[in-house]
Amino acid sequence: MLDLLIIGAGLAGLTAALRAVEAGLRVKIIAKGMGSLYWATGAIDVLGYLGGEERAVASPWERLAELDAGHPYRTLGDTRVRGAIDWFQQHIEPSGLGYRSADAHNLLTPSPAGAWRPTYLAPAGQRAGAATDDRPMVIVGFQGVRDFFPHLITRNLSAQGQVVRAALLPWSVLSEQRDRNNAQLAECVDDVHTQQRLVDALKLVVKPGERIGLPAILGRHAHAQALAHLQQGLKTDVFEIPTLPPSAPGIRLATALRQALEQRGVRVEIGMEAIGFHAEDGVIQWVETETSARPLKHRAHAFLLATGGVLGGGFNSTPAGRFWEVIFDLPLTVPQDRRQWFRPLFLDARGQPAFHGGVAVNAALQPVDATGDAIYANLWAAGSLLAHADPILERSLEGVAIASGVAAAEAVKTKSTAAVATMER
Amino acid sequence: MAPISWHSVDLSLDECIKCNICTSHCPVSAVTDLFPGPKYVGPQAQRFREGDQAITPDHSVDYCSGCRVCNEVCPTGVKIAEMNARARADMVAKQGLPLRNRLLGRNELLGKAGSFAPALANFAMHNPFSRFMAEKVMGIARAAPLPTWSTSGTFGDWVKRTRGQRLRSAKKVVYYHGCATMYYEPFIGKAAVAVFEHNGYEVIVPEQNCCGLPLLSNGEFGAARNYHQGNVGKLTGFARAGLPIVGTSTSCTLTLKEEAPELLDMHDEAATTLKMATYDIFEWLYELHEAGEFRTDFRSMPMKLPYHAPCQQRAHRVGKPALALMALIPDLELPESHARCCGIAGTYGYKVEKYQIAMDVGAELFDFVEAQGSDVAYTACDSETCRWQLEHGVDLPSRHPIEILAAAYGLYDLARRDLTTG
Chain A
-6 MLDLLIIGAG LAGLTAALRA VEAGLRVKII AKGMGSLYWA TGAIDVLGYL GGEERAVASP
54 WERLAELDAG HPYRTLGDTR VRGAIDWFQQ HIEPSGLGYR SADAHNLLTP SPAGAWRPTY
114 LAPAGQRAGA ATDDRPMVIV GFQGVRDFFP HLITRNLSAQ GQVVRAALLP WSVLSEQRDR
174 NNAQLAECVD DVHTQQRLVD ALKLVVKPGE RIGLPAILGR HAHAQALAHL QQGLKTDVFE
234 IPTLPPSAPG IRLATALRQA LEQRGVRVEI GMEAIGFHAE DGVIQWVETE TSARPLKHRA
294 HAFLLATGGV LGGGFNSTPA GRFWEVIFDL PLTVPQDRRQ WFRPLFLDAR GQPAFHGGVA
354 VNAALQPVDA TGDAIYANLW AAGSLLAHAD PILERSLEGV AIASGVAAAE AVKTKSTAAV
414 ATMER
Chain B
191 MAPISWHSVD LSLDECIKCN ICTSHCPVSA VTDLFPGPKY VGPQAQRFRE GDQAITPDHS
251 VDYCSGCRVC NEVCPTGVKI AEMNARARAD MVAKQGLPLR NRLLGRNELL GKAGSFAPAL
311 ANFAMHNPFS RFMAEKVMGI ARAAPLPTWS TSGTFGDWVK RTRGQRLRSA KKVVYYHGCA
371 TMYYEPFIGK AAVAVFEHNG YEVIVPEQNC CGLPLLSNGE FGAARNYHQG NVGKLTGFAR
431 AGLPIVGTST SCTLTLKEEA PELLDMHDEA ATTLKMATYD IFEWLYELHE AGEFRTDFRS
491 MPMKLPYHAP CQQRAHRVGK PALALMALIP DLELPESHAR CCGIAGTYGY KVEKYQIAMD
551 VGAELFDFVE AQGSDVAYTA CDSETCRWQL EHGVDLPSRH PIEILAAAYG LYDLARRDLT
611 TG
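Going down the list, the sequences are from chains A and B.
Taking the working numbering, the leading residue of the first sequence gets -6, the next gets one more, and so forth.
Taking the working numbering, the leading residue of the second sequence gets 191, the next gets one more, and so forth.
Here chain B stands alone, though its shape is the one from the complex:
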């Protein structure tokens, strides 16, 4: 395995002024003693992490959820979350990784495997006995909100099936759907395609890999490198041709843009070209709006929709474009969550020893939603795992803001989660 690089992170270490703002905002250390906070396991422990040292001085770094709130609030720009991710990868490289973490890191493989017989896979995975066994044998929390495979085919199946009906246009966009849309939530992809086409864009859905984030956050940098290399090979050609690569999974787009190149030190021309062409879907739509090219022929949507910008979206550092665009929909009331994190943080909350921490972290968000009253039918959030956690924490269905836009254009049924035109 490639040595873990501390390039660029080491430089930011000395920017730490020990002000404790990160720890005061860390949603994990707020609820558990098992994680002493970003300042301690980040810039402080970092001073004791030497290249030739057998093990990390602080195993509690494994309890960092990687939500990146510390980076967000740091007044001096210390790359705390990256420090923690590298320290965890160091630990994994030296001490190995449990099977569970290997499994949770391989979302693409799991998605593909289950999609051969999704109904069977759902039954096999989601019956109480197997969840009990998964907890006992592997340490996957039995109550954690694992996704279900799509039983109406994958997003790829739909793209193939509807090829003849797709819009052709001189304006083109490349869609990065990621694993969740491909295998679990094809309707997110359908809603995105509907919105792209409604705005006059032809949608190209190229072959693509998992972005590698689950591997990065479980410390498997070597395997993540293969995935990212795969995406660079498959997508950079489009970027070179001047096409934007736009994704609906906000943590995937963050990984293509920043996490993978930064953590894996992949700063070559091809990876950088991909980085600079990649957009989170609302970031891209907002640019369209600023250029005066975004269609606002919305139907009235008289409802109250609590919106949570997930920590992985905030980590893009592009503001909250989904909030700004949904605000253009007539009669839609959008209470904004200021919760730090829903708790799930990718695969963190799936782990039996972290499940309760994730639920305690999420309480802030659940309380916010519950405080909005009983006339709330849906919540909205840009990240799939957060929506699953949100649905688990409060008894309300959650939607991606792109589903909201598609519905406001009259193209999508929010309840059925399908296009109105089939």
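So here's chain A without its partners, still in its complex pose:
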């Protein structure tokens, strides 16, 4: 039997699985679909903004203590959060994606709208876009590429003092096919011939001393090689600006984590929607997934819920105001009254109550009821479904996923070790 069944293949689920298998647990992931990293930037945000301040946080490690008492970072404590991020950086290193922080501080890199986006660990492909770099930029787009507008990015960055200009290349540099999304374009750039066409076309555009910003399509499988080819061919730094979904940097991160898991014998089974479970005396026996006929039972000693919030599909709601967690129907801290979900202003600096709420947990990351007692003896939770955090507003999405994923896996390990010790006695 499995030691741990993880539900959800986003960053929290994948990270937790990697930590769990490293700790010696038999673990499997089931997920409804491919996982939310497909619409992530591929960078690791830890804490970008605090309490409605306009300026980005300079270093997450100096500010964690200012978060709400119930925030997952406060529950775990600074040391464990930082330990988890360091652990992640170490374990993603073999992927060659080159995740680094700016000397333990946040880095500002351009968003596809031309805003400066604070992030903590940026992949090698994004770091040359840093605001601290004083070289001028040329942002190059491609005619017909969706949702990437170099002139918009340029105008917004210029307004913030960056020396930058825009340029457009024809679509044919990338592909002979007419209709490709960003993930498919990234596959085109896996091909060295496409890379060379890019180098040749960019040579005509770039001026001496400029670094080059491109949409994040520099390879789906051969990113490191594509990036190196471009930088060597152009003799300047090239950086990617994350795109709207599908996001190649997020896909690369998901692929790297899946490969690391596969090498360690962990299966990730997708197309599996959890629709029910069975518990006896407060202990979950199995989770059921939907199939083409009968529900399929997945038995395990422990279960980790990492299904995300509203966007990931972990929560659902009715127009009448009911807001619930979809598998175990865990109580949520979200107001059960539709009128209290949102403040009058869409972009209120304090965020929206509906997105701040979630699954309340104890110090071991086990979902708890109103009295603070664990609801099931063998259920843990991690990722953006946790209560008292607003990962989009705080720019803490990946940090919360990694810190809670690692901590939940460790808590499961501790509990299973204790159970074995009890049995041996």
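Take these hints with a grain of salt, some might be off.
[Claimed, not checked] Okay, the calculated bits of chain B under chain A, using three or more residues with CB under 8 Å as the criterion:
#1 221 to 230
#2 265 to 272
#3 502 to 509
[Claimed, not checked] Heads up, simulated EDC-like pairs for lysine to aspartate or glutamate below, C-alpha to C-alpha not over 20 Å straight-line:
#4 B:Lys208 - A:Asp140
#5 B:Lys208 - A:Asp172
#6 A:Lys290 - A:Asp322
Hints were generated in silico from the structure; no laboratory data involved.
Virtual Cβ for every residue (Gly too), placed ideally from N, Cα, C.
Using the hints provided, position chain B relative to the given structure of chain A.
Coordinates of chain B only, in the frame set by chain A:
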């Protein structure tokens, strides 16, 4: 013809969050501009498909192969493949269907017809001249891997001939062989019977119809309904008696379980009873294994066997039980394919305008097999059309995992494709 129902699919339409994961994984849109991807022809075009509209807003839906990878990867549960199947049926209902598609949809009829004189049928069908003519006249790609009729009798002939030698037992299983095993590959049925009997089960082989999948995927819902109604009539009695109905063709079992009832809106008690009693053979064997009743007295099988779980098997959403059970065979090394689809997708790759698309889609799988090195003697896959495509794409014989199990029990010769006991 019955109106096309959008029941249950319409509800899932609003779940689409436009994340593009489906299109990023679609094996068809990756290789051709003729198919813009599941998001566009599925949930997006769907908003423009109204009941009273003369034609579909997007003919490219015909280039959907129906592999269901989009459903598999969708994070929000949109029934994209079903949307496309219905849109195609809508088109067929309004604009008619070429003879070729009518023919390809009638696998049972073709199988039966050829089996009267299989050697002649094979010659008539497979000589270069008739393949050339079939391409020119009907649009059936001349290089496509069409099956050959069994020249040693049908599976039904074998069942009749060996009736006296079959195991009698209180434990019984109903075997759904489908058309391919009946007319083209009777050895798959023999291997299945051997494995069932080795595990102590008496095998009942009842009268049965084509599952109707070729008709469903060619948009002929009316004819498919007749087939499914036939199977419900012939098989539900066994289901009511508590017997499992187990099949070796993974796309047939998927059709009995889900595709036919869902697409044809056949949710009555009888069809549902059949659905709930139907198993893909490895799904059923795995349950036997979990109950501790699966025999593992396997011989060592020191070889490397690249395994591809076909998209129609993955669409069952039961994991990869064939991989798990073959892993119990000593010394068998099982590299697992992560290829999305072999390309053939039932009858898709037989069509002249789609043949090259199917081969380009399959390249991912062919490359995976070729990367396994030269010491590979066989590949394994649960679906017959995929095995034919795989054999066409890489020069290696392909086997059903049930043949592998039967061989590991010492009951079956993998090279001759026959039982060792005759």
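Okay, the hints, checked on the actual structure:
With a threshold of 8 Å between beta carbons, the proposed coverage of the segment 221 to 230 of chain B by chain A holds, since 4 of its residues qualify and at least three are required. Counting residues of the segment 265 to 272 of chain B whose CB falls under 8 Å from any CB of chain A gives 3; the rule of at least 3 is met. Counting residues of the segment 502 to 509 of chain B whose beta-carbon sits less than 8 Å from any beta-carbon of chain A gives 6, enough to reach three: the coverage restraint holds. Straight-line distance between C-alpha atoms of B:Lys208 and A:Asp140 comes to about 13 Å, which keeps the hinted pair within the 20 Å bound.
Straight-line distance between C-alpha atoms of B:Lys208 and A:Asp172 comes to about 16 Å, which keeps the hinted pair within the 20 Å bound. A hinted pair counts as satisfied when its Cα atoms are at most 20 Å apart, and A:Lys290 with A:Asp322 qualifies at roughly 18 Å.
Checked against the numbered hints given earlier, this structure breaks none of them.
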